[in-house]
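Asks: One letter stands for each residue in the lines below.
There are 2 protein chains.
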Amino acid sequence: MGQWTFFNHDFLKEEDTKLHFRDLSIQRGYGVFDFFKVINSVPIFLEEHLNRFYFSASQMRLEVHYSKEELKQIIYELLKKNNQTDTGVRITLTGGYSTDGYQISNPNLIIALHSLSFPAPDQFEKGVKLITYEYQRQLAQVKTIDYLMGIWLQSIIKQNNADDVLYHQKEMVSECPRSNFFIVSQNGVLITPSKNILNGVMRSKIIEVAKANFKVEERDLFVDEIKTAREAFITSTTKTILPVKQIDNYMFSSSRPITSVVFRKVLEVQQNFINSTSR
Amino acid sequence: MGQWTFFNHDFLKEEDTKLHFRDLSIQRGYGVFDFFKVINSVPIFLEEHLNRFYFSASQMRLEVHYSKEELKQIIYELLKKNNQTDTGVRITLTGGYSTDGYQISNPNLIIALHSLSFPAPDQFEKGVKLITYEYQRQLAQVKTIDYLMGIWLQSIIKQNNADDVLYHQKEMVSECPRSNFFIVSQNGVLITPSKNILNGVMRSKIIEVAKANFKVEERDLFVDEIKTAREAFITSTTKTILPVKQIDNYMFSSSRPITSVVFRKVLEVQQNFINSTSR
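Just so you know, the sequences run in chain order A and B.
This note's numbering applies: residue 16 is where the first sequence begins, and numbers increase by one.
This note's numbering applies: residue 16 is where the second sequence begins, and numbers increase by one.
The following block holds chain A by itself, in its conformation from the complex (with noise of 0.2 Å):
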């Protein structure tokens, strides 16, 4: 790919990006990262992501070396440096080589292009089926590398046919493995978990844009309430909303009035940020 990266201290070649085995990633699954899209060449929500990435560091007691003015000159140069205007964006904060294997050491930090994998144009329109999974997410408010279980489980969705699992613990929901969840009321509540979750930065967005329009409520949300919804979606970076069709048995209609004025009102706030900011 010939892309660069930003290693520690460097610009190097995305091939020459390596860690050595003893880092605490490697050994012990220990680090950190936040991902934003890029979009005309603006970062979107950087501000949100980067705020988030230094408090999941601060959680894990991995040290930053930078400012965040330092980190947002590093991101541009390095989008600049590759050419690319769309692209996603992936910040990395390891545990760093340690000398017994355990103790947290002086953090590794990389920070590289990823290509953005979009939902297919029809998805939308289809929407995603979800099982239900218990499984609690270990420092849920802390976007840590740890993603074993979300990758453990693909193959438990794919025998159910399924898309993606959403967590409960006792019944009580969270989130799925990379995204929020949101579902509609039969009476036009929007509702999505508060407790035990990741604060996504489009999560946040999408309260906010929704406020104007409908109520909303952060809150205790149950395995028994979320099948008797109206709409259901989940949200992420990537992802902006995508309509839930189904979750283990429980169909939802096709007509979705309310996550469609939600999605278009989202799209918006994004298309003004990316105007109010291109430069």
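Incorrect hints may have been included.
As the list makes no split between identical chains, a pair holds if one copy fits it or if it spans any two.
[To be verified] Pairs of lysine-lysine, DSSO-like flavour, derived with a Cα cap of 30 Å:
hint, residue 1, residue 2
1, Lys-210, Lys-242
2, Lys-95, Lys-28
3, Lys-230, Lys-95
4, Lys-260, Lys-87
5, Lys-96, Lys-33
6, Lys-185, Lys-210
7, Lys-96, Lys-230
8, Lys-242, Lys-185
9, Lys-83, Lys-260
To be clear, the hints were calculated from the coordinates, so they are not data collected in a lab.
Here the structure is a predicted model, which is why all the values come from computation and not from measurement.
With chain A's structure known, arrange chain B on it following the hints.
Replies: Coordinates of chain B only, in the frame set by chain A:
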């Protein structure tokens, strides 16, 4: 250090043993490993460690490209090349270079020496202090690289002047992050949790050894019960057996007759293994 490692198909210098940042261990914390000690050039209980390694790999759908016999030959050659008679050996198998950063790919295999850190000589006399913490390791029977919680808890362990943490879920005790757990009841029965644990090789050896002299129960064990026990100890490859002096506020007697017998017996088993395997 200039030591040799084995990486996929080749013996490499340790400093050249690196993973590209797109490996699924770095991106998603996805990988397994096993670890055993080598004494007088004898890899201790190698068969059991390799069996567990293959079990872990298969549970995580990671293909091992070598048979057990081939792995053994590689390990013996690695020890010889490094001219090491006493060391730790770690076999790590990761999710590989994933194209989309989520699907399992062709695994990367790393076999490397890790210096053994045995407990200090007076640690057996002193014993360790544990604090209980509610947490359940995901895929507990699989030796994954996920030690996120164990490492994250280090600061809480320190704050409590403790040496390690003992996991429980709803008061049901499982294990420490890197050790199995036993108690000796007031009437001299050894009890160790049977569920939601890693099947430690040392744990199995100890159960086997102890059964000759004592009653041993593998069963559910609750926080309440451990705080009535006469003795308690933790077990692992490097620790063999370490007595517990305190759990939360509960103090154990410094007289540990049964722990001492079991410890002496398991050291004998280990020595017999070395004597009978040396060549």
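Asks: Each hint: holds or not?
Replies: Now for the hints, and whether the structure bears them out:
Only within a single protomer do Lys-210 and Lys-242 lie at most 30 Å apart by alpha-carbon distance; the minimum there is 19 Å, versus 32 Å between protomers. For a Cα distance limit of 30 Å, the shortest separation of Lys-95 from Lys-28 inside one copy, 14 Å, qualifies, whereas the shortest one across copies, 36 Å, does not. For the identical chains of this complex, Lys-230 and Lys-95 are neighbours neither inside a copy (42 Å) nor across copies (70 Å), given an alpha-carbon limit of 30 Å. With identical chains, the CA atoms of Lys-260 and Lys-87 are never at most 30 Å apart, being 39 Å at best within one copy and 51 Å at best between copies.
With identical chains, the CA atoms of Lys-96 and Lys-33 are at most 30 Å apart both within one copy (19 Å) and between copies (25 Å). Taking the closest pair of Cα atoms, Lys-185 and Lys-210 come within 30 Å of each other both inside a single copy (13 Å) and across two copies (19 Å). Taking the closest pair of Cα atoms, Lys-96 and Lys-230 never come within 30 Å of each other, the shortest separation being 45 Å inside a single copy and 69 Å across copies. Proximity of Lys-242 to Lys-185 under the C-alpha cut-off of 30 Å is found in both arrangements, the shortest distances being 15 Å within a copy and 28 Å between copies.
When the C-alpha separation of Lys-83 and Lys-260 is checked against a cutoff of 30 Å, the pair qualifies neither within a copy, at 40 Å, nor between copies, at 46 Å.
Hints 3, 4, 7, 9 from the list above are not met by this structure, while the remaining hints are.
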